[in-house]
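Undergrad: Sequence:
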Amino acid sequence: MVVCAALVGLVGLALAGCAPGTVEIAFSPEEGTVYRYAIDVESTTVTNVEGEEERRSANTFTLAAKHEVQSTDADGSEVKVTLRATGSEPRELLVRLDRAAQLTEVIQVEGLPAEVLGELGLSEIFPAAVGAPPEGPLRPGMTWEVDDPVQITGSPRAQLSGLGRLDALDVIDGKEVAIVRSSYRLPVSRTSQGANSSQTLEGHQTTRSRTMYDLADGSVLSAEAESVGRFVLELRPPGSDLGPALVGSLEVRVRSVTKRVS
704 MVVCAALVGL
714 VGLALAGCAP
724 GTVEIAFSPE
734 EGTVYRYAID
744 VESTTVTNVE
754 GEEERRSANT
764 FTLAAKHEVQ
774 STDADGSEVK
784 VTLRATGSEP
794 RELLVRLDRA
804 AQLTEVIQVE
814 GLPAEVLGEL
824 GLSEIFPAAV
834 GAPPEGPLRP
844 GMTWEVDDPV
854 QITGSPRAQL
864 SGLGRLDALD
874 VIDGKEVAIV
884 RSSYRLPVSR
894 TSQGANSSQT
904 LEGHQTTRSR
914 TMYDLADGSV
924 LSAEAESVGR
934 FVLELRPPGS
944 DLGPALVGSL
954 EVRVRSVTKR
964 VS
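When we follow the numbering used here, the leftmost residue of the sequence shown carries the number 704, and every step to the right adds one.
Keep in mind that a hint or two might mislead.
As the list claims (entries may be wrong) - 27 Å max Cα-Cα, derived DSSO-like pairs, lysine-lysine:
hint	residue 1	residue 2
1	K878	K962
2	K783	K962
3	K962	K769
4	K783	K769
5	K878	K769
In case anyone wonders, no lab produced these hints; they're calculated from the structure.
Note that the structure is a prediction, hence the values are computed from the model and not measured.
Model the full assembly from the supplied sequences, consistent with the hints where possible.
TA: Below, the structure written as structure tokens:
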């Protein structure tokens, strides 16, 4: 995942050498930098399985996110992210970012291997991490192709593809800002084990996002992302690949709004 743009609140602005009317954002946070965000998430799912009635569910929740830069070197930085949902215990992630501001690795989740991350979506925690702009000066109206490898927990590596655009440079509430829009598509092939069955998903997820950056330091002021996933669903008894599977469909819609609170 590739600024130019970066993970929420963890980007530095480099104007030196840029042509007039262009910006270039290079990831160069100082050790000890802290940003805090509120993330509102709305999700709906519609499940259809042969022989059963359609099931619909909806969920809303708010996450408080604290990003702390632990260390920075020539190859990138390690950042500790502390997440807290209302009424829940805090959850910590340690992630690795490269010099292009790309999320390269989830190292630990509360001291456990990263695979325990489960269903927690990194696109909600880091809405600017996926499909970020290329390195180099950008001017309003410039577009770029998104073509990045992505690793999702429980899935083989997939290729993210789409388009991005530097929509505008503006001054809002006295702050110079850059507004970036992107849209991308991600194929999904995933198998997970539940208490009563194993579940296989095959399909794709499409996402549209809008991110506003504070050009004083490159941090994210706000971000909105909306994803729609449509999948073919197969259910089998746990631990069994034999016999006929129950076949159906699953549609998932997720909308997240991120705002900096300090």
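Undergrad: Now tell me if each hint is right for this structure.
TA: A quick look at each hint next to the structure:
| no. | hint | in the structure |
| --- | --- | --- |
| 1 | K878 to K962 | holds, 15 Å |
| 2 | K783 to K962 | holds, 19 Å |
| 3 | K962 to K769 | holds, 12 Å |
| 4 | K783 to K769 | holds, 8 Å |
| 5 | K878 to K769 | holds, 22 Å |
Going down the numbered hints, you'll see the structure goes against none, and every one checks out.
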